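Asker: Following the hints, complete the assembly by docking chain B onto the known chain A.
Going down the list, the protein sequences come from chains A and B. Those letters in the first sequence? Residues 25 to 324, by the numbering used here. Those letters in the second sequence? Residues 113 to 427, by the numbering used here.
Derived from the structure by calculation, the hints contain no laboratory data. Remember, it's a predicted structure, so these values are computed and weren't measured experimentally. Heads up, the beta-carbon is just placed ideally off N, CA and C, and yes, glycines get one too. Fair warning: there could be bad hints in the mix.
Unchecked claim - Label pairs and their computed distance ranges (CB to CB):
| no. | chain 1 | residue 1 | chain 2 | residue 2 | range |
| --- | --- | --- | --- | --- | --- |
| 1 | B | Lys292 | A | Ala134 | 43 to 51 Å |
| 2 | B | Ala125 | A | Ala219 | 39 to 47 Å |
| 3 | B | Pro337 | A | Val63 | 34 to 42 Å |
| 4 | B | Asp286 | A | Glu155 | 52 to 60 Å |
| 5 | A | Pro269 | B | Lys292 | 33 to 41 Å |
Said to hold, decoys possible - Partial list, computed: chain A residues near chain B (C-beta under 8 Å):
| no. | residue |
| --- | --- |
| 6 | Thr58 |
| 7 | Arg61 |
| 8 | Thr167 |
| 9 | Pro169 |
| 10 | Ala179 |
| 11 | Gly260 |
| 12 | Phe263 |
| 13 | Gln287 |
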Amino acid sequence: MERGRASLGVAMAEPSQNGLAERPPRRTWQRIRTNPRVVVSGTILLLIGVMALLAPWISPQDPFQMNTAMQLQGPSWEHPFGTDEYGRDLMARVMRGSRSSLIIALSSVALASVVGVGFGIVGGYFGGFWEFVTMRTVDVLLTIPPILLAIAVVAFLGPSRINLVLVIGFLYMTRFARLSFASVVQVKQREFLEAARVIGARTPHIILTAILPNILAPIFVQISLSLGFAILLESGLSFLGLGTPPPEPTWGNMIGVGRGFMQQNGWYVFWPALAISITILCCNMLGDGLRDALDPRLRE
Amino acid sequence: MSAYIIRRLVQSALLIFVIASLVSIFIQLLPGDPAYIILGETNATPERVAAVRRELGLDRPLLIQYADWLSGVVRGDLGQSLTSKRPIGPDLAKRLPRTFELITASMTLAVLLGIPAGILAARYRNRAPDVLVSLFSVIWISTPVFVSGTLLLLVFGVKLRLLPATGYVSFADDPVEHLKRLILPATSLALLDMAVILRMTRSSLLEVLGEDYVRTARAKGLAEPSVLFRHALRNALIPVVTIVGLQAGTLLGGTVLIEFIFNWPGVSSYLIAAINQRDYPVVQAVVLVIATIFVLLNLLTDLIYAVIDPRIKYA
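Bound-form chain A, shown alone (with noise of 0.2 Å):
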C-alpha cells in the first residue's frame, strides 16, 4: 500500500559493512558539510529556528499591542508587513507564530521517532506475534487520512498543545516504525548480531549497541522530512482553528483569520503562507540532502 510512497521519501540505507557500534567515518560528516542543499536549507532553518528562540527580543514591534488607529494597513515602513484587523504587527506576528509551529513540529517528530523506532524494532527483532501486533497497528493507521484523524481527535479531545503533539506525533509514528521495521529485519541476518548473541549479549545490549546504531542514517533523513509534515498538519489543524488558540499567533491560525480580510489586506494571508512554504521547503531539501550524503549510491 506505501510501496509508491515509500520509494519517494524514504531511502533505505544499507547498514555498515563491518558491524558492531561501527563510528561513522570522517567522510559521512565531510559529505553532510559540502552538500549545498544541506548547508543552504540548514542554514535557513537555523535562521527561522533563533528567529523564533528570540522573538521576544528581537521583534520590531509588540505582536500583541493593538492600534485601531491602524487597521488592515499594506506594508509601510512603521509596519513591513503590513497590520492585521486589531491594526497588530503583521511581521512581528508572523516571528511569534513560528513559536508554536517550531514547538509544536520538534516534538511532535521527538514522539514519533520515539515510539515509531521502538515500535519497528519491536517488531522487526522479535518477529511473530509482536510482528503482527505493531505492523498491523500500523496499516490499520494508515487506512484514514492523517488530517481527517487529527481532526476528529483534536476537535474531541479540546484543541491545545499537548493534544496537537500527542495526535501528530501517533500519526507520523508510522512512517518511523515502518522504515526502523524494515532495517531491523535487514540488519538481524547480518553475522555480526549472531555473533553477538553468540557472546551471550543480552537483548537490550544488542538493540542499543549493535541494531540501533546501523539504522540511524535512515532514520535522520525521515526526522527531517517528517517536521515538515508536522507543521504541514499542524498549521492546517490551526488553520482550521484546531489548533493553538488566539490571540496566540501561529501560521496557519493567521491564514485562518485573514482569509476573512483578504479584501482589505492580502498581505495578511501571505506573509505566514510564505513562512509556511519555506520552512516546508527546507525540511524537504534538508531530508534529500542528509540522504544524499548519507548513501551516496542514491544520488542520480
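Answerer: Positioned in the frame of chain A, the structure of chain B alone reads:
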C-alpha cells in the same frame, strides 16, 4: 490472478471492519454525552437527559450499542444525525458525488499536466525546461493545500475577480457557473499532486532511458519520439500509476481543507460541521465511509498495478 484478487478483497473487508470497530469504540470512549449536546446546557436536567438517552438507546450496554450500529452499517443504515434528526445515509449520498467530482477533476488536471511536464523535464534533462519544471515541483510539494487554496483565492477570486470566490451551484441549475466554481478548488488540490506525479514521471523515465533496450531502439535507428513514447514511456509509467493511486488517497484528505475554504458542500464539510456540533453518529459514519473509500482506492491501485505490470506475481 483471481486468487490474488480474492485475497486482497478479503483483506480489505477485514481492514474496513477493524476501522469501523475502532471508530465506534473510540467515539464511545470520548468524553461528552450526546444527550447533553442535544438538550443544550440550560435544558439538561437529569430527568430529561435520562429520557433522551433512553430514546437514543444510549442507556444500553456499550457492546449492544456497538453490535446494533454494526448490523445497521451492514444493512446500509448509517444511523441518524443528532442535530438534524435526519438519517445520515441519504445526506451522505447527496454529498459524496460532489467530493468525487472535486477529486476526479483535480486528478485529471494533475495527470494531464504532470505527466507531460515530467516527460519534458526528462527529455531536456538539466536544461532550462527541466530546471523550470523541477523548481515548480519543489515549490508545490512544500506548499500545503490550504495555503495554495487561500493564495489562489486571493489572486483569482479577490484581486483579479476572474472567478467566483466561493460557493456552489449545482450542475443541473447552471452548468457554466458550476464549472467556474470548480476551477479554483480543483486547481488548488491538483497542484501538489501534479508536482508529485511530475517528479515521479521524470525520475522513472530517466531510469528507463538508461536501459539497454532503449539503447537498442536508438541503435536500430528509431526516431527519438518513437523511442521516447513507444519504448520508454510505457515502462516508465508503471510506478506513476501507483503514485496516482496513492495520491487519490491524499486528495481525499486534502478535500477536508479545500471544501472548507471554498464552501464546497461535499463529504468533508459535512464532517467539519458535524464535529463542530458534536454530532457523533455523523462523524462515525463519515470517517467510516472515507476510510472505506481510502481502502478501496488502495485495493484498486494494487490491482491495476498487477494488471499493467506482468512481472508481478499474484502469489
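Asker: For every hint, state whether the structure bears it out.
Answerer: Hints, verified against the model:
no.	hint	result
1	B/Lys292 with A/Ala134: 43 to 51 Å	46 Å, holds
2	B/Ala125 with A/Ala219: 39 to 47 Å	45 Å, holds
3	B/Pro337 with A/Val63: 34 to 42 Å	40 Å, holds
4	B/Asp286 with A/Glu155: 52 to 60 Å	56 Å, holds
5	A/Pro269 with B/Lys292: 33 to 41 Å	36 Å, holds
6	Thr58	21 Å, violated
7	Arg61	10 Å, violated
8	Thr167	5 Å, holds
9	Pro169	3 Å, holds
10	Ala179	4 Å, holds
11	Gly260	6 Å, holds
12	Phe263	5 Å, holds
13	Gln287	6 Å, holds
Against the hints set out earlier in the document, violations occur for numbers 6 and 7.
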